[in-house]
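Trainee: Make a model of the complete structure from these sequences and hints.
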Amino acid sequence: MPKEQGRRVVATNRKARHDYTIEDTYEAGIVLTGTEVKSLRQGRASLVDGYAYIDGGQAFLDSVHIPEYNQGTWTNHPPRRTRKLLLHKQQILKLHSQVREGGYTLVPLSLYFNDGKAKVELALAKGKKDYDKRHALRERQDLREAQRAMRTRNRLGE
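First residue of the sequence shown? That's 102 in the numbering used here, and the numbers climb one at a time after it.
I should point out that these hints are in silico values taken from the structure, not numbers from a laboratory.
Zero decoy hints are in this set.
Here are the simulated lysine to aspartate or glutamate pairs, EDC-like style, with alpha carbons at most 20 Å apart: (1) K116 to D163; (2) K220 to E169; (3) K185 to E169; (4) K220 to E128; (5) K227 to D120; (6) K116 to E128; (7) K195 to E128; (8) K218 to E128; (9) K195 to E222.
All values derive from a computational prediction rather than experimental measurement.
Mentor: What follows is the structure in structure tokens.
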């Protein structure tokens, strides 16, 4: 029986959903050191510049910032080191072929604990153009205005 149960989110990459069109998502484990886990349990991490890549049949997560543990001594980790991801071989092969051929990239969406184990949600994503970003923003604003208009109409009882 694990000490923790359920899912506890440590960090999310909100900018990724704005900058990329998400095609598919995968859950991957992360190989971490002890001080990295302790720092994550304090809720300290940043996925802003992070990305994943596949090299030699293995998946890696790079440029994710996990700050040093406060009570750590000489055993502390470098904050922006490359970390190995734990995925099934078939998933790695599928991702590698899509990234190499289709112009996709691997972006971390969230970092969380699932039943006490550190996991990262990876997205197979394609970059958006500036006009796509503006179009998506305009759609959200239009939807928000329509909901606001319906809400005020229902309040007035018309």
